[in-house]
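*Asks:* Below are the chains, spelled out letter by letter.
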Amino acid sequence: MPQTLYDKLWNAHKVHEEPDGTALVYIDRHLVHEVTSPQAFEGLEINGRTPWRLKSIVATADHNVPTTSRREGIADPVSRLQVETLDKNIAKFGVADYYGMNDARQGIVHVIGPEQGATLPGMTVVCGDSHTSTHGAFAALAFGIGTSEVEHVMATQCLNAKKMKSMLIRIEGRTGKGVTAKDIVLAVIGRIGTAGGTGYAIEFAGSAIRALSMEGRMTVCNMAIEAGARSGLVAVDEKTIDYVKGRPFAPKGADFDRAAAYWRTLVSDAGATFDRVVDIDAATLEPQVTWGTSPEMVTGIHGTVPRPEQEQDPVKRAAIERALEYMGLNAGMKVADIRIDKVFIGSCTNSRIEDLRAAAGVLKGRRLADNVKLALVVPGSGLVKRQAEAEGLDKVFVAAGFEWREPGCSMCLGMNDDRLSPGERCASTSNRNFEGRQGAGGRTHLVSPEMAAAAAIAGRFADVRDVL
Amino acid sequence: MDAFRQHTGLVAPLDRANVDTDAIIPKQFLKSIKRSGFGPNLFDEWRYLDQGEPGMDNSRRPLNPNFVLNQERYRGASILLARKNFGCGSSREHAPWALQQFGFKAIIAPSFADIFFNNCYKNGLLPIALGEMEVDHLFNVTAANPGFQLHVDLERQVVDIPGGESYRFDIEGFRKQCLVNGWDEIGLTLRHVDKIRAYEAARAAKEPWLF
Ligand code: SF4
Chain A
3 MPQTLYDKLW NAHKVHEEPD GTALVYIDRH LVHEVTSPQA FEGLEINGRT PWRLKSIVAT
63 ADHNVPTTSR REGIADPVSR LQVETLDKNI AKFGVADYYG MNDARQGIVH VIGPEQGATL
123 PGMTVVCGDS HTSTHGAFAA LAFGIGTSEV EHVMATQCLN AKKMKSMLIR IEGRTGKGVT
183 AKDIVLAVIG RIGTAGGTGY AIEFAGSAIR ALSMEGRMTV CNMAIEAGAR SGLVAVDEKT
243 IDYVKGRPFA PKGADFDRAA AYWRTLVSDA GATFDRVVDI DAATLEPQVT WGTSPEMVTG
303 IHGTVPRPEQ EQDPVKRAAI ERALEYMGLN AGMKVADIRI DKVFIGSCTN SRIEDLRAAA
363 GVLKGRRLAD NVKLALVVPG SGLVKRQAEA EGLDKVFVAA GFEWREPGCS MCLGMNDDRL
423 SPGERCASTS NRNFEGRQGA GGRTHLVSPE MAAAAAIAGR FADVRDVL
Chain B
17 MDAFRQHTGL VAPLDRANVD TDAIIPKQFL KSIKRSGFGP NLFDEWRYLD QGEPGMDNSR
77 RPLNPNFVLN QERYRGASIL LARKNFGCGS SREHAPWALQ QFGFKAIIAP SFADIFFNNC
137 YKNGLLPIAL GEMEVDHLFN VTAANPGFQL HVDLERQVVD IPGGESYRFD IEGFRKQCLV
197 NGWDEIGLTL RHVDKIRAYE AARAAKEPWL F
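So the protein lines, in turn, are chains A and B.
So for the first sequence, the working numbering puts the first residue at 3; every next one is plus one.
So for the second sequence, the working numbering puts the first residue at 17; every next one is plus one.
Just chain A, same shape as in the assembly (with noise of 0.2 Å):
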């Protein structure tokens, strides 16, 4: 029978099934970050357990490092206690595999992951972080987990899952000029809505998929949660493996191309069946632009802000007021006419070297407007910062107003101390919008790398069309 890719990932990975269906699946990878992880150790410690093959950890500090300076350290006590508490807990276990906030290599857990080839394909990877599902972009089975579940890993190497259900989102056609990965997947948000794949794992296919780069597919995965999806995948290509081959942990020599061989298999096969298809048209998709307080509050630039009286059914309308209040825009007004202070680039959506190319190619010779008070460029890890250094594109963003920081989170979710202020609105290349996120009382507008600079050089959203 016809399988789909999610199929085969599955069926590789059951170690054991309940009569109710419920697998035991084995994980290959886990990716461990200082947020959730240490209850988790600390769990491993009192019950006496050890980690069941520490080999398959990968961890690094993201979340609560600074990205200025880093010789003072972490000010804020009680950021420094949970990095030290990672420290520790690597030495203690004896994680060989870590990259703390002074390593070279340090950064965004979803970004060093697959920049290391410790993410590859036909892998199951999981973190304690939703957005793991941007390592399905290499045809991994990747998941979000909560901290029960990383103790669980760490002492099983096993997790118990319930198949999922499939849907394929085929999105067919050359998108034009300036739409990018960001735009489709935001775009696919707006039309299943936050929940359309709750219970799912989607495969996104289809032309204009095949087309973007691997940093481009992580983008469009890295929000499979945003649509409600634990997993987001891609099928493998020569794309996959060209970008994994010479990584550090990827095989090596024969290793190699017994591995590539098996990882071509790893597509859907013709005829395999999904619970559910969406098509979508490319060509049709304009730049996006959030206008709400859920990732599927979404339009195009040339969109407007809804009329909550046009929405009939009474809870959405109700959250249309919530959010219109909440981000301070009127009803009707269009996106083109709402002005920004701060513009914010990175997060594990788009701070790869290919985001930083893109949004440096808008900037060159130009500047910030004078009603941006602050602009960001948070490189995803190290090595994508040395990278840009290298091109150049450091000195592209200073020049245009932008401060050129260390990798980390940073303003995706302010837990360090990059934030927002009550009422400041921000152009953000991040992946959520919801109330209070990137700083209590901020109002965060989600867009792609090249909107978010043509946001900044305009002060307002702007078609970044018209800059190109």
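Honestly, the hints are just simulated from the structure, not real lab data.
Just so you know, these numbers come straight off a predicted model, no measurement behind them.
Heads up, some of the hints might be wrong.
What the hints assert, rightly or not - Below, simulated EDC-like cross-link-like pairs (lysine to aspartate or glutamate); rule was C-alpha separation at most 16 Å, straight line:
#, chain 1, residue 1, chain 2, residue 2
1, B, Lys-50, A, Glu-44
2, A, Lys-57, B, Glu-223
3, A, Lys-16, B, Glu-216
4, A, Lys-318, B, Glu-181
5, A, Lys-179, A, Glu-288
6, B, Lys-50, A, Glu-47
7, A, Lys-254, B, Glu-223
8, A, Lys-336, A, Asp-465
9, A, Lys-164, B, Glu-188
10, A, Lys-247, A, Asp-257
11, B, Lys-192, A, Asp-22
12, B, Lys-192, A, Glu-20
13, A, Lys-375, A, Asp-343
14, A, Lys-16, B, Asp-210
Stated by the list, open to error - Between beta-carbon pairs, the in silico distance windows are:
#, chain 1, residue 1, chain 2, residue 2, range
15, A, Ala-98, B, Val-157, 20 to 26 Å
16, A, Asp-22, B, Arg-213, 21 to 27 Å
17, B, Asp-210, A, Asp-89, 31 to 37 Å
18, B, Ser-75, A, Glu-74, 33 to 39 Å
19, A, Glu-74, B, Met-72, 48 to 54 Å
20, B, Gly-71, A, Ala-401, 40 to 46 Å
21, B, Asn-74, A, Ala-77, 20 to 26 Å
22, A, Pro-310, B, Arg-77, 27 to 33 Å
23, B, Gly-92, A, Pro-424, 29 to 35 Å
24, A, Ser-215, B, Asn-197, 47 to 53 Å
25, A, Glu-311, B, Met-72, 36 to 42 Å
All C-beta atoms in this analysis are idealised placements derived from N, C-alpha and C, irrespective of residue type, glycine included.
Since chain A is already given, all that's left is putting chain B with the ligand on it; use the hints.
*Replies:* Frame of chain A, contents of chain B with the ligand only:
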């Protein structure tokens, strides 16, 4: 984990869809390295008028009188009634920890986000998905009847409305067993040590670069 079989408790209505984990427990409280102490900061931004930071004396902070959990009639509530897609957003288990440490034993909504849903079970907090109409009805009766209580019976898989109907809910057999018995899931998994080892040996033969 504490076992969950039955529970009767006061119902508090949170009439919002897509309540995300950033709202349930804001990120500054995720810096804690402990598993306890999150209850006072549940829904922090909605519940208090000032801005919450770790280490504050929460008993002295100004409460937002408009927030439902601050209203006298819902004091001591242990069943939360919510709208669709409750718990969307991040994987932070601090969200179920905060709900439970506040005093909730069960959450009723038309739907839940997957990771949150899963995390609840690991902590003996029962997420109950009911039909949209049923949830709507519960919102109405809760509003109309101060002191309104529900009875949740996990073994029978029903929510009983006093003097009236019962709503049936689904739960996967394995999860139900774990919850009803209060089993330690890691301990359960470790019964399969031999199977896990055999699986690893087979994979290592096929994909030696992984091991
Ligand atoms: S960049 Fe943002 S979304 Fe990504 S892991 Fe960090 S905090 Fe989470």
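*Asks:* It remains to establish, for every hint, whether it holds in the given structure.
*Replies:* Structure-based check of all given hints:
Distance hint between B/Lys-50 and A/Glu-44 is fulfilled; the C-alpha atoms sit about 9 Å from each other, no more than 16 Å. For a cut-off of 16 Å, the pair hint linking A/Lys-57 to B/Glu-223 stands: about 15 Å separates their Cα positions. In summary, the hint linking A/Lys-16 to B/Glu-216 is supported, as the alpha carbons are separated by about 11 Å, within the 16 Å threshold. The suggested pairing of A/Lys-318 with B/Glu-181 is violated, with an alpha-carbon distance near 28 Å, which exceeds 16 Å.
With a CA separation close to 9 Å, the supplied pair A/Lys-179 and A/Glu-288 stays within the 16 Å bound. Between B/Lys-50 and A/Glu-47 the CA atoms are separated by roughly 14 Å; this keeps the pair inside 16 Å, and the hint holds. With a CA separation close to 12 Å, the supplied pair A/Lys-254 and B/Glu-223 stays within the 16 Å bound. A distance of roughly 12 Å separates the Cα atoms of A/Lys-336 and A/Asp-465; the hinted pair therefore holds under the 16 Å criterion.
For the given pair, A/Lys-164 sits about 9 Å from B/Glu-188 by alpha-carbon distance, which is consistent with the 16 Å threshold. With a C-alpha separation of about 11 Å, the suggested pairing of A/Lys-247 with A/Asp-257 holds against the 16 Å cut-off. For the hint linking B/Lys-192 to A/Asp-22, the alpha-carbon distance of about 11 Å falls within 16 Å, and the restraint holds. The suggested pairing of B/Lys-192 with A/Glu-20 holds, with an alpha-carbon distance near 13 Å, which does not exceed 16 Å.
Restraint check for A/Lys-375 and A/Asp-343: the C-alpha separation of about 6 Å stays at or below 16 Å, so the hint holds. For a cut-off of 16 Å, the pair hint linking A/Lys-16 to B/Asp-210 stands: about 14 Å separates their Cα positions. For A/Ala-98 paired with B/Val-157, a C-beta distance near 58 Å fails the hint of 20 to 26 Å. A beta carbon spacing of about 25 Å between A/Asp-22 and B/Arg-213 agrees with the range 21 to 27 Å that was offered as a hint.
At roughly 35 Å, the beta carbons of B/Asp-210 and A/Asp-89 sit within the given window of 31 to 37 Å. For B/Ser-75 paired with A/Glu-74, a C-beta distance near 34 Å keeps the hint of 33 to 39 Å intact. Look at A/Glu-74 against B/Met-72: about 25 Å separates their beta carbons, and that is not inside 48 to 54 Å. Distance hint check: the CB atoms of B/Gly-71 and A/Ala-401 are about 41 Å apart, consistent with the given range 40 to 46 Å.
With their beta carbons about 24 Å apart, B/Asn-74 and A/Ala-77 fall inside the hinted range of 20 to 26 Å. In this structure, A/Pro-310 and B/Arg-77 meet the distance hint of 27 to 33 Å, their C-beta atoms being roughly 32 Å apart. For the pair B/Gly-92 and A/Pro-424, the beta carbons lie near 32 Å from each other, so the given range of 29 to 35 Å is met. As the Cβ distance of A/Ser-215 to B/Asn-197 is approximately 49 Å, the hint placing it in 47 to 53 Å holds.
At about 40 Å, the CB distance of A/Glu-311 to B/Met-72 agrees with the hint of 36 to 42 Å.
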